[in-house]
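When you get a sec, could you build the whole thing from the sequences and use the hints?
Spelled out, the chains give:
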Amino acid sequence: MGVGINVENVNAWYGKSQALHDINLKIEANHATALIGPSGCGKSTFIRCLNRMHETTPDARVEGRVRIGDLDAYNGTSPTQLRRRIGMVFQKPNPFPTMSIYDNVAAGLKLNGYRDKKQLHDIVETSLKSSALWEEVKDSLHKKSGASLSGGQQQRLCIARALAVAPEVLLMDEPCSALDPISTGKIEELIFELKAQYTIVIVTHNMQQAARVAEYTGFFLLGRMIEYDKTEKIFTNPSDKRTEDYITGRFG
Amino acid sequence: MPDTTPTPAVLQISAWRRLKDHTATAFAIATVVIVLTPLVAIFGYLVYKGIGSINVAFLTQIPKPPGEVGGGMANAIAGSVLILAIASLLGVPLGIGAGIYLAEYGRNRFGDTIRFVSDVLNGVPSIVIGIVAYAIVVLRQKHFSALAGGVALAIMMVPTITRTTEEMLLLVPNALREAAYGLGVSRWRTTLSIVLRTATSGIITGVMLAFARVAGETAPLLFTAFGNQYWNWKLDQPTAALPLQIFTYAISPYDDWHRQAWAGALVLIILIVSAVAAVRFAVRRGTLGGVA
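Protein sequences appear in the order of chains D and F. When we follow my numbering, the leftmost residue of the first sequence carries the number 737, and every step to the right adds one. When we follow my numbering, the leftmost residue of the second sequence carries the number 1393, and every step to the right adds one.
Source of the hints: derived by calculation from the structure; they are not laboratory data. Computed from a prediction, not measured in an experiment: that's the story for all the values here. C-beta atoms are modelled at their ideal positions from N, C-alpha and C, and glycine is treated no differently. Please note: incorrect hints may appear among the correct ones.
[What the hints assert, rightly or not] Covered stretches of chain F (in silico footprint by chain D; criterion: 3 or more residues with CB under 8 Å from a CB of chain D, positions within the stretch not fixed): (1) 1466 to 1478; (2) 1633 to 1640.
[Stated by the list, open to error] Distance ranges between label pairs, derived from CB positions: (3) R1676/F with N760/D: 51 to 57 Å; (4) S775/D with I1434/F: 56 to 62 Å; (5) G751/D with R1579/F: 20 to 26 Å; (6) R1605/F with E861/D: 48 to 54 Å; (7) V1524/F with S876/D: 49 to 55 Å; (8) L1481/F with S913/D: 44 to 50 Å; (9) Y1493/F with G921/D: 41 to 47 Å.
Structure, rendered in structure tokens:
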């Protein structure tokens, strides 16, 4: 089951330049939350702070408090511990090219020392079914490399890989921006189904996508969160002038 | 219906462009021929001169005393295998380890220093490396040995392997590291199971380059392995090696030894080529397996 996320006074830097200013946000468990805003506004940096991926960039730094369910992300939790409970899907599909489809899905468990073959097989199957890829790959699980799939299939493989470690939160950083409309549609359907079990945070440039999949939407601009509300409210009656300008296409 | 629309003028290839195209192609082919000619010529000449002297005795017997016809280089072949095995056992893990450090952790002053030292080491003449091995191994052990030869060759392998390993690891997209981190995989595990694995074939190429380069080295063995007319399997005893044997025989006054030197050179090249091919084959079969 998904857990809620509590963000208090998060600031983030790349070297000397500050990318996030005082972000405060409560993300609801088992819902999809979309983050929108123009390029460079900090929304990707923000979700990378949630699973402590931000600090893997050289010279990058985070301050503030992030709680994922009962875990205090920056206090007493190691990044690996934290990331085992938070799945992440990236902008460009990034399956492991040296591994078969099966091993890609099993990678998170195997690399963390999980050895039960029978269970592993079940988990791989369930994960591929959840990501709606099973029917397309079930006959070539061990024969084909993850990199031999099409772009849309690769992205669903990456989702299956993230689901296999049974996370509580799923972070998606523009998961459809490299995909064609049909693959995008499939992934959106998937997000719809997945939020019953996971808390989903999705960064997107596509405002229709935010409106379609998310119950809540946050609008970022220049490293600050301008507005955060029910998606419907953001898109029909935003309280901030800047949000309105952005969603009506006046800038960005 | 046949297509009768005339090709637009912009799509018609002018005679001048076609001439440029053909000239460039011809030039490229010519350079390939020029590069390959000496290679083929050397190998052809080696086969021509050496094949006649390769026989069972050559591959199974040790040298006869000077002036006597017959005998072989079996002990030198075995010695080369032994010395190269020592060199690879020492040099490959060291080189790959250093390469991993430089690529994954070495974005700092210390890393830059290692990079510089490694490039300098790559340019040090092999005879100097031999002297170093002489000083640190032979003088201490008080005699020439297979180990000293292996150490000398290992020192020569390390910089090449280090730098190619680093280059190959840096080619692995960061997206793959992040994918593994995102699954809660620790950094060292990511480096070993994802980054290193993805770069395997490139690293193997580097290792094989280093191996092939030192396999034919004579100078660093002159006062380390030293050479030996008899069998030796002990690490701390003087050992025969193919390049040394070829050198000794080639400058000798005996015709039979000259013929054997040619045969030795041919065997050396065949050994190197088959070792490289065998490793490549093994690696190709090993990829697309499971998570290590």
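Which earlier hints can't be squared with this structure?
When the structure is compared with the hints, numbers 1, 2 turn out to be violated.
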